[in-house]
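2 protein chains.
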Amino acid sequence: MIPFNKPFIVGNELKYIEEAVKSGKISGDGIFTKKCHTFFEENFGFQKVLLTTSCTDALEMAAILCNIQEGDEVIVPSYTFVSSANAFVLRGAKIVFVDSYPDNPNIDPAEIEKHITEKTKVIVPVHYAGIACDMEKIMELAKKHHLFVVEDAAQAIDSYYTFSDGTKKALGSIGDFAAFSFHETKNIICGEGGMLVINNPEYNVRAEIIREKGTNRSAFFRGEVNKYGWVDLGSSFLPSEILSAFLYAQLENLGAIQEKRIRIWKEYYRNLLPLQEKGFIKIPEIPAFATNNAHMFYITCRNYEERSNLIQYLKTKDIHPVFHYLSLNKSEFFLKDNAPIDIPNSDHFTDCLLRLPFYFELEEAEQKNINSMIHEYYSLLEK
Amino acid sequence: MIPFNKPFIVGNELKYIEEAVKSGKISGDGIFTKKCHTFFEENFGFQKVLLTTSCTDALEMAAILCNIQEGDEVIVPSYTFVSSANAFVLRGAKIVFVDSYPDNPNIDPAEIEKHITEKTKVIVPVHYAGIACDMEKIMELAKKHHLFVVEDAAQAIDSYYTFSDGTKKALGSIGDFAAFSFHETKNIICGEGGMLVINNPEYNVRAEIIREKGTNRSAFFRGEVNKYGWVDLGSSFLPSEILSAFLYAQLENLGAIQEKRIRIWKEYYRNLLPLQEKGFIKIPEIPAFATNNAHMFYITCRNYEERSNLIQYLKTKDIHPVFHYLSLNKSEFFLKDNAPIDIPNSDHFTDCLLRLPFYFELEEAEQKNINSMIHEYYSLLEK
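Sequence order for the protein chains is A and B. Residue 223 in our numbering sits at position 223 of the first sequence, and the numbers go up by one each step. Residue 80 in our numbering sits at position 80 of the second sequence, and the numbers go up by one each step.
No lab work stands behind these hints: they were computed from the structure. Treat the hints with caution; some may be incorrect.
To be verified - Computed cross-link-like contacts, PhoX-like style, restricted to lysine-lysine with a CA-CA straight-line distance of at most 25 Å: (1) B:317 with A:227; (2) B:227 with A:336; (3) B:168 with A:227; (4) A:15 with B:94; (5) B:25 with A:260; (6) B:6 with A:15; (7) A:317 with B:315; (8) B:15 with A:6; (9) B:315 with A:227; (10) B:169 with B:34; (11) A:144 with A:94; (12) A:330 with A:317; (13) B:6 with B:266; (14) B:137 with B:278; (15) A:34 with A:169; (16) A:227 with A:6; (17) B:266 with B:278; (18) B:35 with A:6; (19) B:15 with A:22; (20) A:25 with B:15; (21) A:368 with A:317; (22) B:137 with A:330; (23) A:15 with B:25; (24) A:6 with A:22; (25) B:137 with B:119; (26) B:169 with B:315; (27) A:94 with A:143; (28) A:35 with A:266; (29) A:227 with B:6; (30) B:15 with B:25; (31) B:6 with A:35; (32) B:22 with A:260; (33) B:22 with B:6; (34) B:34 with A:6; (35) B:260 with A:22; (36) B:317 with A:22; (37) B:260 with A:25; (38) A:315 with B:368; (39) A:227 with B:330.
Treat the numbers as computed from the prediction; the structure is a model and nothing was measured.
All chains, please: the whole structure from these sequences, using the hints.
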């Protein structure tokens with residue numbers, strides 16, 4: 001059986017968990033959380049990072065930091081995970097959904113501009129499959145209209161964007177805030193986990209407070225105040241040190257993980273390109289401004305029915321690809337309070353996009369099998 | 001050095017984490033989360049439980065389930081952790097703080113009644129030190145005024161309340177909802193973690209949805225709907241399977257853990273009773289309606305200065321007791337929007353309560369040392 005995803009232990013995960021227990025601290029912000037923070041800040045140019053219990057929770061922290069008030073508008077692609085929207089809805093925001101490019105699930109800056117109003121407060125670009133949105137254009141729009149940018153970088157660790165002046169920056173280091181995920185399907189994992197990036201140092205103190213249940217406990221531990229108490233809104237956003245220990249062991253192997261993933265990605269690309277040339281499927285093109293972090297390999301089928309048949313065909317061969325998001329503008333929750341709207345490119349990816357099995361331990365023979373079964377499906381279709 | 005707390009591995013924690021990875025699923029709701037759910041439901045009579053990333057998050061789920069709206073009033077003891085209040089503030093509630101008993105940090109039902117208004121929606125009894133609040137009286141008030149009861153049972157695992165008709169129920173199984181903690185300082189731990197208990201089955205479905213980012217994913221996996229989508233508010237409240245695996249290994253040893261803790265508690269009680277008889281300190285009395293889960297051993301000093309001196313004295317002996325909450329009605333956050341109010345018993349515990357070192361691996365000789373140093377402090381004071 002070839003599943004869509006498979007979590008993995010790559011190095012010292014269990015040893016580090018034992019060390020955390022022996023260190024006398026497995027609640028949040030112990031030695032391994034600090035090691036993870038340092039790793040991310042030093043390797044990706046993030047001004048400040050804070051591990052969280054999930055990417056969802058990092059987005060919720062960003063929503064509080066943007067000081068969302070009832071009725072503020074937040075621009076979100078319709079083709080995304082519910083949390084990109086829900087995190088802002090919890091603070092009272094009105095979500096304004098916009099469309100993807102026709103040939104790329106990322107949000108289209110031209111569409112963003114059409115939807116900016118007096119009430120817009122935040123743009124949430126989601127770097128789908130870890131491939132950059134056009135951040136230069138998005139940051140220009142944000143500057144022009146005085147908006148926050150919260151990068152939903154759930155899938156985008158170790159991925160980069162190059163500005164027109166040649167400056168290359170890690171995704172997550174460009175907007176005001178960014179949220180990453182370490183869910184079991186991501187490049188580096190701890191099951192459920194996430195991280196908030198704060199790129200404007202003005203928000204460092206408040207971010208720490210919000211993450212510590214609205215208390216100034218972090219400042220207390222640094223000796224900056226002589227007792228700590230309730231000073232703000234907040235929640236328990238910090239993860240168990242058990243998870244940070246697991247994550248740090250993965251980070252130590254980031255190079256090897258990424259090398260393997262890029263090999264898998266390229267092999268899918270090379271092998272499935274002929275099916276694109278025959279007009280059966282589309283395979284992803286990486287824009288010139290973006291790098292590829294090999295988070296995901298997806299194909300786009302010609303229509304819903306063909307995708308459904310392909311999924312079924314592969315399942316009979318014990319291969320388990322999966323589709324992805326459903327246009328959020330068509331959700332029960334959105335339609336409860338809003339009139340139907342048409343977001344066609346998002347619907348296209350809802351119906352036609354298919355994610356192929358992709359994980360660190362995927363073996364060459366398994367991938368060969370997947371590729372040949374996809375070819376087999378289309379050669380049967382040709383007959 | 002004798003710390004206040006020390007996390008511990010008691011059995012198969014690391015083995016189960018490895019098993020979780022091998023099972024192919026370390027995101028939430030894998031095999032160990034289900035084992036934990038079953039354990040709690042079968043052993044404590046909880047109608048339904050859902051593991052969460054923290055007790056704070058379980059309280060936030062309860063706040064959403066109570067459908068808190070802007071301006072609803074929620075009754076909370078002033079002597080509690082910020083999250084008992086913050087979870088409801090995040091949904092727009094006004095917190096109404098009430099006092100403890102003079103000789104017990106638990107909320108005083110007579111005080112609750114005085115503060116019930118037309119706008120009151122929820123009472124949040126906090127079972128301090130794992131010892132039951134007077135739930136019969138609190139449930140009667142709730143029934144009379146049509147209020148929700150959310151038990152903050154953070155410290156109260158394996159603790160019970162006996163009603164006047166002789167019925168004995170586990171704390172957490174009495175209110176509409178209850179929130180437990182598995183933070184590293186608790187009886188059973190996973191570093192950071194929690195659990196929501198739902199005692200009214202009418203809320204089962206919505207609770208699952210809220211915990212799964214507002215989607216009906218759980219129903220989808222059970223085959224009850226044929227696709228899942230965004231249907232409600234929600235967040236990512238479910239913990240990594242890595243934490244559930246750790247927690248389950250602890251649960252398997254609950255009996256041994258509790259036996260050891262009760263021995264430690266009784267030894268403190270027996271040894272420090274003479275200091276109460278001399279009028280130096282107060283030690284906890286367990287009400288007739290409550291059992292003792294040996295979560296904590298605290299003493300109450302005569303005043304703030306004496307407590308500070310005792311802490312200092314013990315620190316010179318490398319023993320690290322800690323004080324606890326600060327009256328929330330005196331917090332910066334509360335006073336920003338509210339006039340000062342007087343809550344004297346809460347202030348008394350803020351100033352005078354001291355928690356002694358208490359953990360599974362605390363050795364007899366260490367405890368002997370702690371007790372004799374406390375006696376030494378007071379004998380020096382007597383001179």
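Need the status of pair residue 169 of chain B, residue 34 of chain B: alpha-carbon distance at most 25 Å?
Between residue 169 of chain B and residue 34 of chain B the Cα gap is close to 23 Å, so the pair holds against 25 Å.
Check the hint pairing residue 137 of chain B with residue 119 of chain B against an upper bound of 25 Å on the C-alpha distance.
20 Å, holds
Are the Cα atoms of residue 6 of chain B and residue 15 of chain A separated by 25 Å or less?
18 Å, holds
Would the hint linking residue 25 of chain B and residue 260 of chain A be met if the CA-CA limit is 25 Å?
21 Å, holds
Taking only the CA atoms, is the gap from residue 317 of chain B to residue 227 of chain A under or equal to 25 Å?
Roughly 23 Å separates the two Cα atoms, so the pair holds.
Hinted pair, alpha-carbon criterion (25 Å max): residue 6 of chain B, residue 35 of chain A. Please report holds or violated.
Roughly 21 Å between the alpha carbons, so the hint for residue 6 of chain B and residue 35 of chain A holds.
Does residue 278 of chain B sit within 25 Å of residue 137 of chain B, going by the straight-line distance between their CA atoms?
34 Å, violated
Is residue 330 of chain A close enough to residue 317 of chain A, meaning Cα to Cα at most 25 Å?
33 Å, violated
Can the restraint linking residue 22 of chain B and residue 6 of chain B be considered satisfied, given a maximum Cα separation of 25 Å?
Violated: residue 22 of chain B and residue 6 of chain B sit about 29 Å apart, past 25 Å.
Does residue 336 of chain A sit within 25 Å of residue 227 of chain B, going by the straight-line distance between their CA atoms?
18 Å, holds
Against the 25 Å threshold, does the CA-CA distance of residue 6 of chain A and residue 22 of chain A hold or violate the hint?
With Cα atoms ~29 Å apart, residue 6 of chain A and residue 22 of chain A exceed 25 Å; violated.
What's the verdict on residue 260 of chain B and residue 25 of chain A, does the C-alpha distance respect the 25 Å limit or exceed it?
Given pair residue 260 of chain B, residue 25 of chain A holds - Cα atoms ~21 Å apart, limit 25 Å.
The structure is inconsistent with the numbered hints 3, 4, 7, 12, 14, 16, 22, 24, 26, 28, 33 and 38, although it conforms to all the rest.
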